[in-house]
Amino acid sequence: WQDKLPADAPNHFALGIPAEDKDAFGLALEQAGLRHEPLYPVYRGRLAAINGEPVRQAVSAEEDEPRNDEALNRELNLTTSATLPTGNQLLSGSWRNAPLGPSEDAGSATTAGDLSGPEDTAPAMRWPVSVEERLAGRLGLSLGDRLTFTLAEGNLEAEVTSLREVDWDSFQPNFFMVFPPQALDGFPASYLTSFHVPDDRRDLVRGLVQRFPVVVLIDVGGIMAQVRGLLDQLAQAIGFVLLFVLAAGVLVLLACIAATLDSRRQEAALLRALGASRASLRQRVVAEMLALGAIAGVLAVVLAEVIAAVLHLQVLDLPPALHPRLWLLTPLAGALITGSAGLLGTRRVWRVSPLRVLADG
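Per the UniProt record's numbering, residue 1 is the first one in the sequence shown, and the count goes up by one each step.
Mixed in with the good hints there might be a few duds.
Cut-off 20 angstroms, straight-line C-alpha distance, at most; resulting in silico cross-link-like pairs (SDA-like, lysine to any residue) [as the list claims (entries may be wrong)]:
no.: 1; residue 1: K22; residue 2: G207
no.: 2; residue 1: K22; residue 2: V215
no.: 3; residue 1: K22; residue 2: M224
Quick caveat, the hints were computed from the structure, so don't treat them as lab data.
Whole structure, please, built from the sequences with the hints as guidance.
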């Protein structure tokens, strides 16, 4: 998956940018010549209800046991955007920016800054929201579902109008819930972005830290270096498994040769008595050993690929990938190793006189 990333993929994230520093931070990145993603507003809100029913009851209504999804146990990062964010693909529904009308629960809903009494409170609006498709699947959400979010400054009513597929490996800011820009007017927000810093310009990060001390900067490149180190160790472990399987195959082959040496000697003597040459016998043995070595190499690669796939899926949560070089080099190496070992192990077969072998037999 790293090969799919462009050379200038973001390698730093900036979190918690205050609203008053948003423009200055973006300008600082542009003046430094650093390519960056848009600065997205971030609002913290908890999903409180689905279709007017408390969220835990709604999610577990059709389950024997309530689900313990992290989205139910913490606040979510909400954002706004007038267009579909980069790296997102609309799977169903439509992207909408206009409000959908008054909330059906307008009587009990409040919006940010509502300090007046109930008789003076304007009806809360119901806003469209685009939901990440995997989260929607975990929570059982579908198009048309009404959602209630609780923020520190008030409630927000929404309706699911689209489902999105998100490329989480793009190192761009991504969100589970995306609203139209006007939906969260009046709610305080911090800002989030990601940007690319070339290796020879790391000093720019120190300058940003000094100028914007409250902004949290995360060096994704450093984290990725650690991940690459772990993947390299994983590759070495798989390589050791590969070598172990090949070595075991060679030992088994030598044991089989030793066990069948007498019968091979008898067979070679008969063939030579019938006119076969030493060269033809040698070629026959070499072909047999090369085939066995290639088969052993293929089996070793299959075992290594299975182990790698299990580790990718269960430990690293990454899609498995084939390794073409292993499929090419390992059978060749196995054929050469076992061919050489077999040739050395059976060299006495055609060196002994056929008359002597037949007389002893």
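Verification of the hints:
{"no.": "1", "hint": "K22 <-> G207", "result": "16 angstroms, holds"}
{"no.": "2", "hint": "K22 <-> V215", "result": "10 angstroms, holds"}
{"no.": "3", "hint": "K22 <-> M224", "result": "27 angstroms, violated"}
Checked against the numbered hints given earlier, the structure breaks only hint 3 and satisfies all the rest.
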